[in-house]
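Trainee: The residues making up each chain are set out below.
There are 2 protein chains.
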Amino acid sequence: MESHKQPLILITNDDGITAEGINKLAEFVADMGEVIVAAPDGPRSGFSSAITTDKPLRIRKMPDAGGIKMNAINGTPADCVKLTLHLLAKENRRPDIILSGINHGSNTGNSVVYSGTMGAAIEGALQGIPSVGFSLLSHKPAAGDFEPSRAYIRQIVGKVLNNGLPEWVCLNVNIPYEMEITGMETAESCIGQWTEEYAEYADPSGRKFYMLTGKYRNLDPENKNTDLYHLSQGKISIVPVCAFRDYDRRALKGIND
Amino acid sequence: MESHKQPLILITNDDGITAEGINKLAEFVADMGEVIVAAPDGPRSGFSSAITTDKPLRIRKMPDAGGIKMNAINGTPADCVKLTLHLLAKENRRPDIILSGINHGSNTGNSVVYSGTMGAAIEGALQGIPSVGFSLLSHKPAAGDFEPSRAYIRQIVGKVLNNGLPEWVCLNVNIPYEMEITGMETAESCIGQWTEEYAEYADPSGRKFYMLTGKYRNLDPENKNTDLYHLSQGKISIVPVCAFRDYDRRALKGIND
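Top line first, the protein sequences correspond to chains A and B.
Going by my numbering, the letters in the first sequence line up with residues 1 to 257, in that order.
Going by my numbering, the letters in the second sequence line up with residues 258 to 514, in that order.
Honestly, the hints are just simulated from the structure, not real lab data.
Worth double-checking, as some hints may not be accurate.
Quick list of simulated restraints, FRET-style, between CB atoms [stated by the list, open to error]: (1) Ala400/B x Lys5/A: 54 to 62 Å; (2) Arg411/B x Lys55/A: 33 to 41 Å; (3) Ala202/A x Gln490/B: 48 to 56 Å; (4) Asp203/A x Ala508/B: 48 to 56 Å.
By construction, the Cβ of each residue, glycine as well, lies at the ideal position given by its N, Cα and C atoms.
All chains should be modelled from the sequences, with the hints used to inform the complete structure.
Mentor: The following block contains the structure:
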């Protein structure tokens with residue numbers, strides 16, 4: 001039998017290369033292929049699909065972690081994907097899969113719009129590479145909090161490596177926290193809105209400033225196909241996300257007239 | 258007859274409040290309603306739907322421009338929309354329409370993913386407000402280059418004010434440059450990929466750095482419904498963009514099995 005090369009797995013995130021979540025993700029899939037980590041050199045939460053167009057990007061090689069090459073980049077999650085693909089292409093290599101996370105905090109509902117975790121996965125989809133973003137529903141997870149998801153994450157990564165994903169589509173995976181995980185379900189993004197609340201402050205000179213806060217208002221609470229519903233039932237939610245966002249132009253009223 | 262209040266028009270962009278494009282846009286629609294400009298205090302190109310979560314946001318009132326209130330914000334385009342809505346809500350006010358641009362440079366094909374101009378329009382759609390992003394296909398337009406689009410922009414703004422837009426949908430409008438504008442067409446985003454080319458440099462100490470460049474490769478060149486096709490024919494392209502990006506989960510193969 002012919003021997004097959006092992007898959008090349010690129011891992012990034014938006015919490016930065018020292019975050020617990022990305023190191024756990026790399027550990028979980030370490031034996032499933034050759035793993036390269038290329039992640040922001042610090043937190044980039046809320047960076048969406050932002051790219052750096054006007055500043056030099058630099059890569060800092062970090063000490064290997066259990067045989068895994070670690071690269072810190074002074075850019076956004078999408079930059080990390082783009083630049084690493086550029087450098088791998090010079091060696092005629094290309095990742096078989098891109099994983100992003102495990103994010104510290106949920107990316108449910110319309111948070112996918114703002115998420116840097118999903119910005120990296122969407123970038124992977126635009127590059128034609130099957131990509132998955134993972135998020136745990138805790139902003140301050142302890143290391144052990146990631147463990148219950150290990151087998152599920154390995155299962156999802158195995159399926160995507162075997163079956164691929166539809167063109168321009170990546171997966172947004174959210175993982176329950178502090179409840180028993182009872183399975184996985186594909187889901188819809190829960191339609192809703194942030195009720196925006198900026199906290200208001202005055203600095204010592206009396207000048208006002210504002211910091212973002214807010215709560216997600218579920219506009220579809222009866223729908224049992226949403227990510228929020230499945231997570232409330234202890235299920236891991238898997239939402240397929242299309243990088244292209246076109247709405248049917250023929251359904252536009254009053255613009256063509 | 259009852260007198261109607263004039264519409265409240267919020268204008269932002271990603272090139273910053275001093276850019277020619279935003280000042281032209283405000284001028285073009287100044288008599289169509291009460292105009293408020295709230296825009297980044299400097300360039301934020303490529304910022305997508307990024308939001309600022311960990312830094313204080315501040316608003317600097319600038320001198321009025323022809324009776325229009327000008328506010329510079331030290332955040333992203335999406336921050337400008339969110340924070341301005343927050344402050345208007347405290348006065349029980351809410352924009353009737355949000356306009357973003359006129360961007361200096363195109364936002365065709367998958368550039369909508371990275372565009373800060375469209376990040377602001379998508380934020381408007383998520384807030385339930387009809388929103389339109391405008392982009393001119395020149396990175397260094399002279400003031401006069403915006404003039405040919407004046408009547409078309411007024412027409413689009415008038416239609417959207419009258420008819421609204423479908424829920425969660427905003428418009429991505431691109432405007433030809435250096436050719437006669439012969440009309441407007443609703444269109445699809447041209448499917449394609451950036452052929453990523455990072456320019457590589459060495460700084461004086463010999464350390465490498467990288468700057469983003471690249472060209473868009475049209476993967477659908479025969480399609481006469483795309484933004485790129487219509488623009489090549491001298492038409493203004495109007496692509497409806499849905500803020501939610503869900504792909505049909507029932508069409509996912511090999512993940513549910």
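Trainee: Looking back at the hints listed earlier, which ones does the structure fail to meet?
Mentor: none
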